[in-house]
Amino acid sequence: NAGVTQTPKFQVLKTGQSMTLQCAQDMNHEYMSWYRQDPGMGLRLIHYSVGAGITDQGEVPNGYNVSRSTTEDFPLRLLSAAPSQTSVYFCASSQPHRGEQYFGPGTRLTVT
Amino acid sequence: ILNVEQSPQSLHVQEGDSTNFTCSFPSSNFYALHWYRWETAKSPEALFVMTLNGDEKKKGRISATLNTKEGYSYLYIKGSQPEDSATYLCAPRPDGTASKLTFGTGTRLQVTL
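Here the protein sequences line up with chains P and C, keeping their order.
Read in order, the letters of the first sequence correspond to residues 1 to 112 in this note's numbering.
Read in order, the letters of the second sequence correspond to residues 1 to 113 in this note's numbering.
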């Protein structure tokens, strides 16, 4: 099992560009989430999904879109990148009851 | 958004020292508490999931206790080793769904020889 995979590992964008961060899991987990990690702020939830076709907003959703067409994939789209979106992004998956989150390796995004 | 506090923010101990840190969370609407270990340049990894008041979990030299009535959990590391250096995160869950975790900002532990 690969667990949770994320691509790319690093990305540099110019302000206003759009891009998609990819996330996939092969553990058949129902739940998937996107977090961003900023110094002094800890992990903050951006969007999450409780199953294919179902998504909802987390704590900091503005500027991001998600969709969940399959159980395995949960891409995060930046619509028009801003310097404030410079961060490390983590995708995670979990099963409903136990709830342990399995994290991907992260994507380091810089917006100039 | 839950109010989760972890203290201290950082800790620097010598190899062999025992140490502990605290996670405070709202005692109302409690379902479970998660502890994670996060090494630099890696991803967070689950340590414990705790659900019952008075619960105690142990993994090697690391243990945790839970008090749901007063809203806190302690993480203990006995005989710290350099490989214990990491940030330790806690995340309370207010209900049975595991979809929305609110993480504390963590306690950063550094263990030196």
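Keep in mind that the hints are not guaranteed to be accurate.
Said to hold, decoys possible - The following label-pair restraints were derived from C-beta to C-beta distances:
#, chain 1, residue 1, chain 2, residue 2, range
1, P, 7, C, 69, 30 to 38 angstroms
2, C, 45, P, 57, 35 to 43 angstroms
3, C, 42, P, 73, 30 to 38 angstroms
Stated by the list, open to error - Cut-off 27 angstroms, straight-line C-alpha distance, at most; resulting in silico cross-link-like pairs (DSSO-like, lysine-lysine):
#, chain 1, residue 1, chain 2, residue 2
4, C, 42, P, 9
5, C, 100, P, 9
6, C, 58, C, 42
7, C, 42, C, 69
Claimed, not checked - Partial selection, computed: residues in chain C whose CB lies under 8 angstroms from chain P:
#, residue
8, 8
9, 16
10, 103
I should point out that these hints are in silico values taken from the structure, not numbers from a laboratory.
A virtual CB, placed ideally from N, CA and C, is assigned to each residue, including glycine.
Okay, the hints, checked on the actual structure:
no.	hint	result
1	7(P) to 69(C): 30 to 38 angstroms	violated (45 angstroms)
2	45(C) to 57(P): 35 to 43 angstroms	violated (26 angstroms)
3	42(C) to 73(P): 30 to 38 angstroms	violated (23 angstroms)
4	42(C) to 9(P)	holds (12 angstroms)
5	100(C) to 9(P)	holds (24 angstroms)
6	58(C) to 42(C)	holds (23 angstroms)
7	42(C) to 69(C)	violated (34 angstroms)
8	8	violated (14 angstroms)
9	16	violated (29 angstroms)
10	103	holds (4 angstroms)
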